[in-house]
Amino acid sequence: MKIAVTTSGTDLEAPFEARFGRAPHFLIYDLEQSAFEVIDNQANAQAARGAGIQAAQSVCQRGAQVLLTGHCGPKAWDVLQAAGVEVFNIQASTVANALEQYNNGSLKPAGGANVRGHWS
Amino acid sequence: MKLAIASGKGGAGKTMVATNLAWTAAQQGVKTAFLDCDVEEPNAALFLKPDIENVIPVHVPKPVINQDVCTHCGLCSDICRYNALAVLSDKVLLFNELCHSCGGCVHVCPEHAIHEEPRLVGHIDAGHAGALKVCTGVLKVGEAIAPPVVKAVKQQAGDETLTILDSPPGTACPAVETVRDADFVLFVAEATPFGRHDLALAIDLAQALKRPFAVMLNRADLDHGETRRWCEENGFRVLAEIDEDRRIAEKCSSGELVVDALPDYREVFTKLLEDVVAAAEITTNERVQG
Ligand code: SF4
Ligand code: SF4
Chain H
17 MKIAVTTSGT
27 DLEAPFEARF
37 GRAPHFLIYD
47 LEQSAFEVID
57 NQANAQAARG
67 AGIQAAQSVC
77 QRGAQVLLTG
87 HCGPKAWDVL
97 QAAGVEVFNI
107 QASTVANALE
117 QYNNGSLKPA
127 GGANVRGHWS
Chain G
1488 MKLAIASGKG
1498 GAGKTMVATN
1508 LAWTAAQQGV
1518 KTAFLDCDVE
1528 EPNAALFLKP
1538 DIENVIPVHV
1548 PKPVINQDVC
1558 THCGLCSDIC
1568 RYNALAVLSD
1578 KVLLFNELCH
1588 SCGGCVHVCP
1598 EHAIHEEPRL
1608 VGHIDAGHAG
1618 ALKVCTGVLK
1628 VGEAIAPPVV
1638 KAVKQQAGDE
1648 TLTILDSPPG
1658 TACPAVETVR
1668 DADFVLFVAE
1678 ATPFGRHDLA
1688 LAIDLAQALK
1698 RPFAVMLNRA
1708 DLDHGETRRW
1718 CEENGFRVLA
1728 EIDEDRRIAE
1738 KCSSGELVVD
1748 ALPDYREVFT
1758 KLLEDVVAAA
1768 EITTNERVQG
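If you read the protein sequences in the order shown, they are chains H and G. First residue of the first sequence: 17, per the numbering used here; consecutive thereafter. First residue of the second sequence: 1488, per the numbering used here; consecutive thereafter.
Next comes chain H alone, as it looks inside the complex (with noise of 0.2 Å):
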């Protein structure tokens, strides 16, 4: 299974960012393998508008089923709700420490967006 964290670095040490849309890069970690890759997402983080649901499509391309960020939006829950990727809103210091609260099992899926669009 793959998991997606938002993240302003390229590894696991590199601090957890909170927005979804608008986060430097996408951290997928492939829990079977123990190995991950990086989606650079800063070109679509300059988009006026729609950057959520790119980004969306970004980690649902990539086959993520699980999401660890701060917060997303109306729009982005939409595409991953599409795809059936379960999201986590979570507080965390780093990528890894992220993941380490998604296999402790404590956390809790969200229930929708938890922020609301740039411009609605």
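I should point out that these hints are in silico values taken from the structure, not numbers from a laboratory. Every residue, glycine too, gets a C-beta built ideally from N, C-alpha and C. Some clues are possibly wrong.
[Said to hold, decoys possible] Quick list of the computed label-pair ranges, beta carbon to beta carbon:
| no. | chain 1 | residue 1 | chain 2 | residue 2 | range |
| --- | --- | --- | --- | --- | --- |
| 1 | G | Pro-1680 | H | Ala-51 | 54 to 60 Å |
| 2 | G | Gly-1645 | H | Gly-79 | 54 to 60 Å |
| 3 | G | Lys-1627 | H | Ala-51 | 46 to 52 Å |
Based on the hints, put chain G with the ligands in the right spot on chain H.
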């Protein structure tokens, strides 16, 4: 002649000036159309009280994806500048609120899986107040993209001698759409530091669009002439000034036209109309000759 009445921000008195100018022109027997392009908050009809003769729906093309034919190749999402499409492994999602109906996705889809269907985004109330033609654009509640409705209102202009466009405030797309092909723009601004700041931005827009313009100062006595001096220093022509007057606010809040309710203002608007038309004609001639 197409005359846009615009302002850097809402509440400067733009609609008050636009409606009174149009009414003044119509009273003088000039064949006039009033087009309310402030489609997110149209309120000129409250003052002009037209009889609505026609309600015209405004549609935009909306892409519809045939999920059975789609191979989820992702090309439509790649081409969409507005991030309105998300391609997932088994479906494509369209976000109407972001779609600008550019047709790019329809064109690029290798499977011809996308066609367009009309989507209602607003309507136009068309009618008359006496001899004055009045058309009001109304963006549907919850819609985010106003320019198609503005465009549709502008198309209501007929063979009138004078067309007055009540522009949305500010400098965003709907204001650009209103002002872009006006023959002349009259900016209504309040004489305050904030009013000046917003006016400067709005004037930038008119200059970028190469529209000739002038300024009318509302509540002109608020800053002891500072905004007027600022206009003069920058070479912006001030065609008229109206001082702070409680009676105007009162008449506006009860939906009355100033020129009807306060006869002492008739002259101000008659002169403003003459001056605007003259200024517009001069600049039009200059442009024809230049
Ligand atoms: S371009 Fe056509 S085939 Fe490709 S994902 Fe979009 S709709 Fe499907
Ligand atoms: S019509 Fe244009 S804006 Fe709308 S989804 Fe297609 S490409 Fe995007």
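Taking the hints in turn, this is what the structure says about them:
1. G:Pro-1680 x H:Ala-51: 54 to 60 Å: Given a distance of about 59 Å, which is inside 54 to 60 Å, the answer is holds.
2. G:Gly-1645 x H:Gly-79: 54 to 60 Å: holds, 58 Å
3. G:Lys-1627 x H:Ala-51: 46 to 52 Å: This hint holds: roughly 49 Å between Cβ atoms.
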